[in-house]
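Here's the letter readout for the chains.
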Amino acid sequence: MDAFISVRDLHYRYGNAGESIEALRGVSLNIVRGEYLAIVGPNGSGKSTLAKCLSGLLSPSSGDVRVNGASTRDAAALVGIRATVGMVLQNPDNQFVTSSVEDEVAFGPENLGVPPAEIRRRVASAIERVGMCGQELRDPHLLSSGEKARLAVAAMLAMEPQCLVLDEATATLDPRSRGSLLALLTQLYSAGMTIITVTHHMTEVTRAKRVVVMERGQIALTGAPAEVFARDDALKGYGLALPPAAAVERGLARRGLELGRDVVTAEELVRRVVALWEGEG
Amino acid sequence: MARAASLRNASLGRFWPGDSVVHTLDPRVKLCSLGLWTVAIVLASRWWVTAALFLLIAAAYRAARLPRGAAGAVLRPVLPVLAVLAVSQLLFGYQDPAMPGADIGVLEVGAADVSLGRVIGAAIAIVRLLSLVMLVGLLTATTSASALASGMERLLLPLNRIGLPGHELALTGAIALRFLPILGEELEAVQRAQLARDITGGPERPWQLARNARRTAALVVPLFADALQRVDEISTALLARCYQGGRGRTYMRELRLNAKDLISLAISVGLLVIVVVL
Amino acid sequence: MEQQERSIRRIVTAGMLLAVTLLLALTPVGFIPVPTPAGSATIAHIPAIIGGILEGPLVGLIVSLGFGFASFLSPLVPVKDPFVIILPRLLIGVAAAWVYYGLRRARRPALTAVLLVLAVAVLAAAYVVSQSVLWLGIAIAVLALSAAGFGVWWLGRGDTAAVGLAAAAITGSLANTVLVLGAAVVRQVAGITPEVALSIGFMQGIPEAVVSAIIVVAVVSAIRQVGRNRSKL
Numbered sequence: 001m002d003a004f005i006s007v008r009d010l011h012y013r014y015g016n017a018g019e020s021i022e023a024l025r026g027v028s029l030n031i032v033r034g035e036y037l038a039i040v041g042p043n044g045s046g047k048s049t050l051a052k053c054l055s056g057l058l059s060p061s062s063g064d065v066r067v068n069g070a071s072t073r074d075a076a077a078l079v080g081i082r083a084t085v086g087m088v089l090q091n092p093d094n095q096f097v098t099s100s101v102e103d104e105v106a107f108g109p110e111n112l113g114v115p116p117a118e119i120r121r122r123v124a125s126a127i128e129r130v131g132m133c134g135q136e137l138r139d140p141h142l143l144s145s146g147e148k149a150r151l152a153v154a155a156m157l158a159m160e161p162q163c164l165v166l167d168e169a170t171a172t173l174d175p176r177s178r179g180s181l182l183a184l185l186t187q188l189y190s191a192g193m194t195i196i197t198v199t200h201h202m203t204e205v206t207r208a209k210r211v212v213v214m215e216r217g218q219i220a221l222t223g224a225p226a227e228v229f230a231r232d233d234a235l236k237g238y239g240l241a242l243p244p245a246a247a248v249e250r251g252l253a254r255r256g257l258e259l260g261r262d263v264v265t266a267e268e269l270v271r272r273v274v275a276l277w278e279g280e281g
Numbered sequence: 001m002a003r004a005a006s007l008r009n010a011s012l013g014r015f016w017p018g019d020s021v022v023h024t025l026d027p028r029v030k031l032c033s034l035g036l037w038t039v040a041i042v043l044a045s046r047w048w049v050t051a052a053l054f055l056l057i058a059a060a061y062r063a064a065r066l067p068r069g070a071a072g073a074v075l076r077p078v079l080p081v082l083a084v085l086a087v088s089q090l091l092f093g094y095q096d097p098a099m100p101g102a103d104i105g106v107l108e109v110g111a112a113d114v115s116l117g118r119v120i121g122a123a124i125a126i127v128r129l130l131s132l133v134m135l136v137g138l139l140t141a142t143t144s145a146s147a148l149a150s151g152m153e154r155l156l157l158p159l160n161r162i163g164l165p166g167h168e169l170a171l172t173g174a175i176a177l178r179f180l181p182i183l184g185e186e187l188e189a190v191q192r193a194q195l196a197r198d199i200t201g202g203p204e205r206p207w208q209l210a211r212n213a214r215r216t217a218a219l220v221v222p223l224f225a226d227a228l229q230r231v232d233e234i235s236t237a238l239l240a241r242c243y244q245g246g247r248g249r250t251y252m253r254e255l256r257l258n259a260k261d262l263i264s265l266a267i268s269v270g271l272l273v274i275v276v277v278l
Numbered sequence: 001m002e003q004q005e006r007s008i009r010r011i012v013t014a015g016m017l018l019a020v021t022l023l024l025a026l027t028p029v030g031f032i033p034v035p036t037p038a039g040s041a042t043i044a045h046i047p048a049i050i051g052g053i054l055e056g057p058l059v060g061l062i063v064s065l066g067f068g069f070a071s072f073l074s075p076l077v078p079v080k081d082p083f084v085i086i087l088p089r090l091l092i093g094v095a096a097a098w099v100y101y102g103l104r105r106a107r108r109p110a111l112t113a114v115l116l117v118l119a120v121a122v123l124a125a126a127y128v129v130s131q132s133v134l135w136l137g138i139a140i141a142v143l144a145l146s147a148a149g150f151g152v153w154w155l156g157r158g159d160t161a162a163v164g165l166a167a168a169a170i171t172g173s174l175a176n177t178v179l180v181l182g183a184a185v186v187r188q189v190a191g192i193t194p195e196v197a198l199s200i201g202f203m204q205g206i207p208e209a210v211v212s213a214i215i216v217v218a219v220v221s222a223i224r225q226v227g228r229n230r231s232k233l
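Protein chains in written order, with my numbering: chain H, 1 to 281; chain B, 1 to 278; chain D, 1 to 233.
Isolated chain H, as found in the complex (with noise of 0.2 Å):
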């Protein structure tokens, strides 16, 4: 399969001649197509710089970004790649322009020049696959904060992307209101979206198909969430935590007993557990 997201040797540096941070520093990565991809690393690794990279939002310093093959230096194909690949950012409320649910989502695709009966049925079905129907009139600054974040999907979903990238979009949300916007990427996910999500929180990661691990403007480590997590040691080094079923089994490892190393959600736990405890008794 060809790659549906492509990343060569790719930098970025902030600022201008006299005084630049470089924020990437050769980056490479392909991503196919209905992939679930996490990024994660401490903070000023370059996770967030590297999400603007691949929507489009920001343009190499050096290196190539080409999504379905359209690279992201062409300025003739940028708006087509931004609309590709959505991007929502961390804080909600900046990025709503407009006074009303339903105006908020029709912003992107009436700046993309869609017909507007063709507008209204994308504003509909974004705002029920998003499960905010009847709430279409009311002013986005008085939703709540999960809410306001399924929003700021459904703005994107209706620019019919192929890909959607959140950068840190559940770090202000309650766990109530992350636990809905999870189950709604899982939902968009297996409807064949690319998800790809720059986050802190582990236990969200163990979600995903496939982890990249960032360090200083670089790739550290990739891999299944089991790979990853198994490597303990490196990711101490990156100040990573592990998920706290990855946790729990290392704590039980330590008194001698061997779950096996690549646990790294609640459900696998119990069952191990479980599996254990009935093939003793």
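Treat the hints as calculated values from the structure; they're not laboratory data. C-beta atoms are modelled at their ideal positions from N, C-alpha and C, and glycine is treated no differently. There may be inaccurate statements among the hints.
Not everything, but these chain B residues come out facing chain H in the computed CB check (under 7 Å) [unchecked claim]:
{"id": "1", "residue": "L177"}
{"id": "2", "residue": "D226"}
{"id": "3", "residue": "A237"}
{"id": "4", "residue": "G248"}
{"id": "5", "residue": "D261"}
Position chains B and D against the provided structure of chain H, taking the given hints into account.
Same frame as chain H, now just chains B and D:
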């Protein structure tokens, strides 16, 4: 603190949803009418024209079938200003020499003598102020912020054809409308924090200039910083939503003028013409 | 594409400053109590000055226009004459932008020269005023001399960026005071005789100019500082 609490829902005025004739008019017609009526109120030179305009606005309020208290909420902030206006008009106001009884003295205060003409002049100034405030109040009470923004955008759009940034202006206005309540909330939070640290507390002492200036700066500098720090992220968000200026943009809502809209517009234009001719 | 990003930044900056100006003009927060007949000095014109400084005369003009409309429609402002309330205010942001960008291109000797010319001009004005109202003329002269001394001292410290900001803020603020009061006199607003306008101008205009300078320098320096440490967009 009543003053802080009122900022939470800062907006141009409260919107009361409804389905009256005034509510369902095209927002473009309402905005144009606001402009035409404002010019009419400012230009009206005769007392009975001013009074007639005021009565027409009052009639529009009835037609809008707003809940009790809507008009009161619009007028309450004007009351303190009315006193200042009344005193300055009574003492120094312009008198129309053509007005009957203009030279009848009513009372004398020091050097200034207040004639009947000045009393009527003050009444006209007050009615004019009330009319304008009620007119704006009627627009915001019957039009949602999103309808207002789309009306504004559609009115400004033709400017792009003659090379002016009409669409950009409309987006500027929409962003201002959207962030007004958010910044109001922010201001309230800063005010509360400083009240807790006793920076802004205490009675107003107008003669302590330095203290008053420091109090205000402590309140306003964080507000500016907050507003301007959002600019980066909002700009990125606009790019992410494929914003590319007004070119090639389409609209979800197709505004069409119907008979009701055209009649209202004709009435507003007619009104202005009558006022100008008189 | 750079062009596009510049334009978006301008729109967003203008929108945010417009929101601040509406907030200040429509609530009591934007007024500082002072001992004058009007009872308060305004700070609601500061967003227009900052807009002019950050993004140029056009953004300054748009925010000024917003401030003018807000004052015209505000229930807190009794005068309802657009030639007094809206039209003169259009120049606030534009004047601030011109002064700021003019001074930014200038070097230190030029700045000192501008300061001296201004001081001489104000002293001449003080002499004219002292012919009719002696104490007022002396007060203006003292203020002008101390302001010039302060400016020279500041330039000596090498902080010319702040001098440019302060000068732009004071110009924008005085443009507001002088033009609005001038228009009020010309349009014969009730109670505003030339003498009244002059005294309001000094009692209110000078505190407004000083407060504007303090706030503008604080805000713009802080924003520039943050900008330097972060991305361009």
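Checked hints:
Interface hint status for B:L177: upheld, as the beta-carbon distance to the closest one in chain H is roughly 6 Å, under 7 Å. Because the smallest distance between the Cβ of B:D226 and any Cβ of chain H comes to about 11 Å, over 7 Å, the interface hint for this residue is violated. The closest approach between the C-beta of B:A237 and any C-beta of chain H is roughly 4 Å, which is under the 7 Å cut-off, so the hint is satisfied. The interface hint given for B:G248 holds, since its Cβ lies 4 Å from the closest Cβ of chain H, which is under the 7 Å cut-off.
A cut of 7 Å between beta carbons decides the hint on B:D261: the least distance to chain H is about 19 Å, and the hint is violated.
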